[in-house]
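Okay, here's what each chain looks like letter by letter:
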Amino acid sequence: MRIIQEVNKLNEYVLQKMEHSFLKEYVNVPQLNQDKCLITYLLLAESGYEGEELQELYAAVMLVQCALDTHETILKIRDSHIKERQLTVLAGDYYSSLYYFMLSVCEDVSLIRALSLGIQDVNENKMRLFYSKHIKPEEVTNSIKGMEAGILNRVARHLKKEQYIPFITEFLFVSATSHCPDSLFSDYHLQIKNDVLLARHKLKTQKQPLSLKPVMEKRMRGLLEGPHYLLPEEG
Amino acid sequence: MKLTELYTHVKKDLQQIEKELEQTISSQHPIMQKAGNQLLKAGGKRIRPVFVVLSGHFGNYDIESVKKVAAALETIHMASLVHDDVIDDAELRRGAKTVKAAYDNKVAMYTGDFLFAKAIELMSDIHQIAAHQILSYAMKEMSLGEIQQIKEQFDLNQNVRQYLRRIKRKTALLIAISCQLGAIASNASIELQQRLYRFGYSVGMAYQITDDILDFTGTEKELGKPAGGDLRQGNITLPVFYAMQQLPGLKGKIGRFYETMDESELSSIIDTIKTSGAIRRASNTAQSYLADALVAADGLPAGQAKNSMIKIAKYIGRRKF
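Quick note, the sequences are listed as chains W and V, same order.
1 is the number of the first residue of the first sequence in full-length UniProt numbering; add one for each residue after it.
1 is the number of the first residue of the second sequence in full-length UniProt numbering; add one for each residue after it.
Only chain V is shown next, with the shape it has when bound in the complex (with noise of 0.2 Å):
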């Protein structure tokens, strides 16, 4: 089963939901407008906009509120992608060029900033000052939590209670607010707002980890890129937490290749990590942090939106790309 058939009912809402971010990436530039077509196009699972929409429908859902609030989220999402292909120089992106490939760094960062500031401007139609200090807070957060990445890149001493700081920086709290906001846009209360902000909390986390696992498990086709790559960037992720937790001599073996960056090595590595029982621990960590989306997802009103929820949770616990 596709994510895309979990919520058929919202369908009519996220297609004005697209519409909405046809018009925010809207420029009067050709090539920022072909950059903001082009990663429209691109797609993407669209996980915020979704979880916004099915928040919406804990209160008094506003299609006109909540779409604001679903377009202003992806296009933060997108200006963060336009940024991070930068600071990762990546040439692909989906399998299209990225922005900084198909011209240089300073249309991306233009373009990015553009969005961002697009995106803003699409949430100041909204009056609630809450869901503005709620998305701002966010934002500081995920810089900072980015910015900590590079800090502790290469840096075998870490632990992974920073690694789990760092995922709900980077990915977590996003997915938390689209929920949190979602509820907000609607006036739904706070004790919903709060409910769907940890239900999105631990789905982002699970989600991250999943993620980490498949940059191992994943073959190069299914990844667009080869396995590993996070570990090649100096990223250490939760599967390699827990083997080197297991296996003592790997950490020098890390640290070795970080010096030579031999890519042999680096295949002996991955499949040490592979073999090592890192990946079932780390899964399973993923499966912790589902169980208490759904505990989290339990207590919420039933009806279509609470149904989704708990599949998409379930859905993205199986995922295998």
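Bound-form chain W, shown alone (with noise of 0.2 Å):
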């Protein structure tokens, strides 16, 4: 429980971090993924990290995620809507250099690549998803994979935490793909379905940190044993 309120106190600073009287005007706030709150908490604490560390390295990489978030609702905005439009572009611009400029100031130059990197990661399975002539089935399940968890598997590595890799790659696959019908991937539900059970048998099995046990475990028995939009109920 002490995690969650944890995260959550985090989560505000990233908010007031992102706060700007005018964009929020027109443009919505990209609401935190929960899940990779608490992957990216947890890689950071289980690496020594705290206080004011932690919590200066965990808003850099959820402004990532938030610029990256942002950018994705472009072609959601009517025509007509011009501020909205290009207040979304700046928006996710502004929450980029902020996570650059953060980082910056904490010296660590390291992280800085290593999500310039999983940036670089993420746009281009995007472009492999949405804009490929003939997509493979596997090219599916793969380009969601490293869309999902590019930016988190480069900070897994930077913090020396390979072993995770696996781990953070299939649960938030399956977390992504677990409501399909709103989601971005809900065209290729067919091609993932095998994928996802695949992925879930993987889950049980595979490492996770030590220090993800307590929260984790609970939201892993709801991703396992909860409903999923690509799979039939049971009995």
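Keep in mind that a hint or two might mislead.
[What the hints assert, rightly or not] No farther apart than 25 Å at their CA atoms in a straight line, the calculated lysine-lysine pairs in the DSS-like style are these:
| id | chain 1 | residue 1 | chain 2 | residue 2 |
| --- | --- | --- | --- | --- |
| 1 | V | LYS151 | W | LYS83 |
| 2 | V | LYS311 | V | LYS168 |
| 3 | V | LYS151 | W | LYS76 |
| 4 | W | LYS17 | V | LYS140 |
| 5 | V | LYS314 | V | LYS170 |
| 6 | W | LYS218 | W | LYS9 |
| 7 | V | LYS311 | W | LYS83 |
| 8 | V | LYS34 | W | LYS133 |
| 9 | W | LYS202 | W | LYS133 |
| 10 | V | LYS34 | W | LYS136 |
| 11 | W | LYS218 | W | LYS161 |
| 12 | V | LYS251 | V | LYS314 |
| 13 | W | LYS83 | V | LYS314 |
| 14 | V | LYS140 | V | LYS151 |
| 15 | V | LYS225 | V | LYS12 |
| 16 | V | LYS11 | V | LYS251 |
| 17 | V | LYS41 | V | LYS253 |
| 18 | V | LYS12 | W | LYS136 |
| 19 | V | LYS151 | W | LYS17 |
| 20 | W | LYS83 | V | LYS168 |
| 21 | W | LYS76 | V | LYS106 |
| 22 | W | LYS202 | W | LYS160 |
| 23 | V | LYS170 | W | LYS17 |
| 24 | V | LYS41 | V | LYS11 |
| 25 | W | LYS83 | V | LYS106 |
| 26 | W | LYS17 | V | LYS168 |
| 27 | W | LYS83 | V | LYS97 |
| 28 | V | LYS19 | V | LYS41 |
| 29 | V | LYS251 | W | LYS83 |
| 30 | V | LYS41 | V | LYS2 |
| 31 | V | LYS97 | W | LYS24 |
| 32 | V | LYS168 | V | LYS140 |
| 33 | V | LYS106 | W | LYS24 |
| 34 | W | LYS83 | V | LYS34 |
| 35 | W | LYS76 | V | LYS168 |
| 36 | W | LYS133 | V | LYS106 |
| 37 | V | LYS140 | W | LYS24 |
| 38 | V | LYS97 | W | LYS133 |
| 39 | W | LYS24 | V | LYS170 |
Keep in mind that the hints were calculated from the coordinates and are not lab data.
Combine both chains into one complex, guided by the hints.
Given below as structure tokens:
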């Protein structure tokens, strides 16, 4: 429970960083993905970060995610909503500049590099998924995994926690596809159906951060035992 | 004389930077690769890399560090153009289809984000933390400047100070830090870093004011778009401020145009601005910034780099499009 409270407090800090009186008139602040929040926090905590240092690094990672999520909404904006479109572009750029600024103040060039590589991974995977003429079923799943886990896998590698990468990848894949009807991936549900089953199976055996246990196990149970859009109800 | 003729002695280094840029924009996805190539081929003045290289000569010049900074800054500039075209809903840039027009807004967002990230990756090879603090601060200010520009669009009650702050963030800052970062990458003294920043800032201000003047005085062929585009989009620039100060009725006239968007009304407003003396006054302001740039340049150590910088500053003051 303490972890959830800590993460909520950190999220308030992230939202405070993103606060801009004019932007908020036109741009919805993206929802912080709770699974990504938890994984980021626990990776940092398990690496020995605490206090202000953890807060800054956590905020930087979440700002990157928010920047990408903000830009993802661009096609949903109606042509007539000009200011909304313009400010959606600029809000994403602004959040992105904030992560770089915060990490440069923390003098953490290595994490700056890791996140910039993560952003590249995410955008290349988005292009592969949404703008390829012929995409094979296995490429669909890999692209979704790359889009969802691209940032955090780079963070894990940066923190020398590579052992958790398979867990993060499968976990975020199952999580992202669990709400398929409204998700970005709804067009691909037939291709990824079996892969979701496989990922759920893998998740039961994969190593996850030790400190994740109390909170993550509950979330894992929810994800593995709860309803999933792509999978038929048992019985 | 062409701009490129002013810095022939660094031509080889600029070619290396061009190669670095080619590598930087490379992507595994064909559309993103094509978009990057198109941006690269469109050329542009490469004013930022030129200033990085020239400024680098005031320290212990190391092309490996300098070319990374130069390519990073140009990539940031290219990324911002891709996003600007979504903001402005632009179909063409330098005569070619924009990324957003060739594909859609989403591809433009992905491409821009990808390029920004590539630029930062490139910068991460630079170990002086000051360089990152300066660049990231500038990127934050550039975003805030653009947000402010949207906020102030069509606002005829804003003042010249707001305009100057806007163009500082929009244009001058990136040119100023191009000079400063070139010096930092070469470990030049702090005094020289600051002097080069002041030079770049003043040149950048003059450059943008000149751009804003040309938007009224240039022909459609020279500009690649109809004259008066800024005013049409609601961006109030220096010639408009000066003309409104000169002619009290003009503010109301522009206000009425913004209500009707009647193009014949716009032509009449443009003619009024052109004949009001505002263009000359704005041009004097640009010259005043250039004079500041020359004062800053005056204190630089003598050499080819200094001479080229002075020539570029003077060229910018004379440019016609």
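Which of the numbered hints above does this structure break?
Hints 7, 9, 12, 13, 15, 16, 17, 18, 31, 34, 35 are the ones this structure does not satisfy, whereas the remaining hints hold.
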